[in-house]
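Enquirer: Sequence:
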Amino acid sequence: MAINIILVDDHTMFLEGLEATLSKQAHLNVTNVLTNARDALAVLNTQTPDLLITDISMPDINGIEFIQAVNQKHPTLKILVISMFQQIQAFQGIKGYVLKETGTEELLLAIDKIVIQNETYFYNAHQKPEQSLEFNSTILTQREKDIVNLIAKEHTTSEIADQLFLSKYTVETHKKNIYLKLKVTNAAGLVKKAVYLGYIH
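Using my numbering, the letters of the sequence shown map in sequence onto residues 1 to 201.
Because the hints were derived from the structure by calculation, they are not lab data. The structure presented is a predicted model; accordingly, all values stated were derived computationally and were not measured. Mixed in with the good hints, there may be bad ones.
To be verified - When the alpha-carbon atoms are kept at most 25 Å apart in a straight line, the in silico DSS-like pairs for lysine-lysine are as follows:
no. : residue 1 : residue 2
1   : K176      : K153
2   : K113      : K73
3   : K181      : K145
4   : K192      : K181
5   : K181      : K168
6   : K183      : K153
As the list claims (entries may be wrong) - FRET-style restraints, in silico, Cβ to Cβ:
no. : residue 1 : residue 2 : range
7   : S23       : I116      : 37 to 45 Å
8   : G189      : T141      : 14 to 22 Å
9   : E172      : A42       : 36 to 44 Å
10  : E19       : N71       : 20 to 28 Å
Each residue gets a CB set at the ideal place from its N, CA and C atoms; glycine is no exception.
With the sequences and hints as input, model every part of the structure.
Expert: Shown next as structure tokens:
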């Protein structure tokens, strides 16, 4: 019996390569190839695959918000994340996490573990993640997202305050909250984590 899979990623070349790889397997059936989360949510309203393969960094909806939305509407759907980021986190709502550099053999193993054996598969499962990103604690407000993007553009606190019509004290307070939510300690770490979570593109 074929395993039906929906692929979601904003990188077309990667999608095409992934689809070609999976389509060579007789037991795998790629039903949809989508480049954004909104289209994926629409498709999931009309069909339920055995596996959803997606990235965390998405252009229209934050990857974690996307996974959360899928979990709410389709709680039994298995999700495998394929990402370029090695800083794996213990996400709620997914069954597996592998890197985009993963070879075909390991990818097929992950799919088998998740769908056939009903287990989880994380690329460094032998290591216990030191951090855990919860959905509620990582969702930034729109104001915080605005500040993150200005920080990424190397604007100073004063410049951010001027652009957003805020006091410098308010901006500093927002920055502290952002650092706490994303569990980072400096601007470089903030930008890296923000890209990872899809807040910056």
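Enquirer: Tell me the hint numbers this structure goes against, listed in increasing order.
Expert: Number 7 only.
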